[in-house]
Amino acid sequence: MAEVITIDRVSKTFKMTKDKPKSAKERVIRAGRIKWEEFRALDDVSFSVEQGETLAMLGHNGSGKSTLLKCVAGTLRPTKGSITHRGRLAALLELGAGFHPDLTGRENVFLNGSILGFSKSQVEGIFDDIVDFAELDEFIDLQVKHYSSGMYARLGFAVAINVDPDILLVDEVLSVGDEAFQRKCIDRIRRMQREGRTILVVSHATDTVRQIADRAVVLDHGKMIADAAPGEAIRTFREALAARGVEVPLHAEETDHSPPTIADPVTGEMPIIIGPGALVDDPGATVAIRHVIPEYPDEDVHHLLPGQPLKLRIGYTATGMITDVAFAIEIFDEDGTRLMGTTTDVLEQYIHAVKGEGEVTFVFDSMPLLDGTFPLTVAIHSHDGGTIYDEREFEDSFAVMNPGRTRGIVNFPVKVEHLFHF
Amino acid sequence: MTTATHHELETTFEREIGPATEISKRPNPVKRLLNVWAYRELLGNLVRKELKVKYKNSVLGFVWTLLNPTLYLVVFSLVFQEVLQVKVPYYAIFFLSGLLVWNFFSTALGAGTGSITGNAQLVQKVWFPREILPLAAIGAAMVHFALQALVLIAALGIFQRAPSAEYAIALPFAFIVLIILASALAIALSAINVYLRDTEHLLELALLAWFWLSAVVYPYRQVAERLGPGREWMASLNPVIPIILTFQRVLYNPEYSSFGWYTNGGREGSRFDATNAIPNQDIPAGIYHPLSWYLSRLSIVGLVAFGILLGALWLFGRLEDDMAEEI
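If you read the protein sequences in the order shown, they are chains A and B.
Residue numbers for the first sequence follow the numbering used here, beginning at 228 and rising by one.
Residue numbers for the second sequence follow the numbering used here, beginning at 199 and rising by one.
Certain hints may be false.
[To be verified] Cβ pair distances, simulated, as ranges: (1) G428/B - D246/A: 46 to 54 Å; (2) I256/A - N226/B: 30 to 38 Å; (3) D356/A - E239/B: 18 to 26 Å; (4) T240/A - L265/B: 29 to 37 Å; (5) N233/B - D356/A: 22 to 30 Å; (6) N233/B - E277/A: 21 to 29 Å.
Derived by calculation from the structure, the hints in this document are not laboratory data.
Think of the CB as a built atom: it goes at the ideal place given N, C-alpha and C, for glycine as much as any other residue.
Whenever a hint applies, use it, and build me the whole structure from the sequences.
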């Protein structure tokens with residue numbers, strides 16, 4: 228497979244100053260008193276993307292990922308290094324393509340087409356597809372300044388995918404528009420992947436990355452810190468984020484995460500700790516999620532009824548002894564709203580150590596849910612969240628079936644009272 | 199949940215891929231010109247866009263373009279003919295032939311300077327040879343030029359005057375030189391304006407001074423006489439003057455008289471002759487110069503303008519690096 232995008236030792240430096248002089252007048256008045264500082268947005272980044280590959284760039288805000296994408300698109304020029312690409316390139320930087328607010332959607336499509344090297348008749352050939360995909364039939368002759376941000380993004384996306392690009396650059400736009408349109412975009416991206424097109428996406432939506440990328444690079448303060456399979460890159464990304472959180476001196480974590488050493492007041496059970504020396508961490512040991520199994524009360528049906536109990540079994544495999552460990556689960560609804568998120572630490576049900584294979588089970592005595600499929604995110608991390616050993620996002624779920632006619636998600640316990648005087 | 203490897207399971211098509219472009223490389227001025235040529239269709243579209251946007255929100259539309267020279271004509275005729283008593287026969291035609299050039303020059307520069315900042319949406323989002331934006335402003339100014347020429351043609355018709363056939367050849371040449379000069383300055387100013395936003399305002403002031411130094415409202419003869427024969431070349435330091443003079447020569451097509459103390463090789467081939475100096479005479483607008491005089495001056499201005507154009511493209515290339523971020 229041929230390299231379609233080659234990024235070779237790219238650095239980008241911006242000259243920054245606190246109060247930038249924006250006019251010749253200011254420059255003259257404040258001559259010599261302006262303190263310029265250099266800001267390295269990108270620091271010696273090299274990687275390449277092969278034909279047909281989908282690469283995601285992950286990074287926190289200000290990590291340089293958008294700057295790099297702009298350099299690949301050609302709107303910014305790197306200070307050092309070179310970027311080479313082959314074939315037609317369509318870019319969706321920030322919010323959609325470059326549209327002129329005073330022109331109508333139709334005029335902008337033609338203008339964009341000619342920017343991407345299309346002749347008028349070629350644009351006419353794809354015009355209907357663009358309008359169809361963007362779902363803008365009634366609005367295509369409206370000035371785009373009257374468009375909503377969703378319409379704007381839709382039209383931008385529709386143009387970019389219909390101009391037959393060899394390379395598609397996408398910056399966060401998949402998060403725009405309604406859910407149905409997002410799904411349509413993902414479907415279209417999949418089709419483009421099958422057609423052997425090269426795609427470079429910038430995102431911090433890790434689930435999107437997991438869903439569509441073949442590979443991911445992680446940028447942190449302008450440096451590339453990972454170039455790996457999506458799962459692994461996402462872990463590096465999260466660790467970098469956590470490390471940044473630690474760097475920032477917020478209020479020092481005062482919660483004591485050390486395992487309890489006194490008897491549980493309710494059960495009177497003594498924590499299973501033999502002695503402080505007994506649990507010794509194996510250096511470099513890590514733990515991975517083996518499985519996540521929702522255990523329903525009725526083994527024959529793969530769902531529960533509202534109010535029934537549920538057990539979520541998380542199987543793990545540890546390569547050695549790890550004492551700094553906690554398990555986390557999050558339950559979402561179908562729209563992605565988090566219904567509940569908790570960890571063994573938050574619940575004060577500490578996991579003292581993991582080693583070899585084992586299973587941690589979250590036991591819900593009653594699930595007050597009505598109907599639907601509820602996606603889960605499961606993670607194993609250190610007490611402070613700084614190290615994420617493993618994580619499964621939205622890969623597992625459980626289902627609830629409501630035989631009654633009450634609508635909604637939550638089954639609030641309710642009774643009816645009626646006072647009357649006939 | 200669909201699996202991440204979904205698409206890998208299906209057969210991928212082999213796509214042919216295009217030639218490699220090193221997008222991060224700064225093209226040299228010549229390469230930049232070739233890029234502009236390659237994107238000429240976009241240039242056409244941007245000119246149309248420019249005109250559309252300009253007239254979309256105004257009821258009178260293109261009428262405004264015609265109104266401007268007409269209004270100027272009325273005011274300047276009044277002031278110069280009646281109040282200041284500058285005696286120029288067919289002042290309307292004289293004034294319009296110079297104003298045509300000047301209006302093109304000033305609208306091209308004004309619109310060109312704001313062209314990058316005004317199209318921030320495009321500049322931030324897509325790559326294309328950005329100098330197309332100031333060039334599109336020049337293109338739009340050319341359309342205005344054509345419209346304003348209608349006013350002049352009308353004036354020629356009203357006064358029953360014919361342009362000079364003898365000098366006509368110099369007119370397209372002057373126009374090309376004018377376009378090169380305006381392009382060069384517009385390209386440089388558009389890039390500078392991204393970093394120094396008051397360039398537009400400074401330009402307005404500069405253009406105001408430049409207008410009065412460009413022999414549009416008063417005859418060039420007065421300048422030449424003031425400078426004297428040995429220093430007349432100094433007037434051509436203003437590169438717009440030879441262009442304006444050519445337009446005046448061809449379109450205004452003045453009749454000469456050999457009186458006045460400055461005749462500079464008039465029809466009789468006479469040199470400077472102090473006895474000919476008759477002050478307070480009516481001043482005819484023209485000084486006689488042969489065609490070669492116009493062509494040689496235009497050539498010099500043309501060469502200088504081309505040099506400025508290359509320099510402007512070089513500067514533009516350097517300033518382009520951070521344009522999308524600064525805008």
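Evaluation of the provided hints:
1. G428/B - D246/A: 46 to 54 Å: holds, 52 Å
2. I256/A - N226/B: 30 to 38 Å: Given range 30 to 38 Å: holds, Cβ gap about 36 Å.
3. D356/A - E239/B: 18 to 26 Å: holds, 21 Å
4. T240/A - L265/B: 29 to 37 Å: 50 Å Cβ-Cβ, so the 29 to 37 Å window is violated.
5. N233/B - D356/A: 22 to 30 Å: Roughly 29 Å apart at Cβ, these two residues keep to the hinted range, so it holds.
6. N233/B - E277/A: 21 to 29 Å: holds, 28 Å
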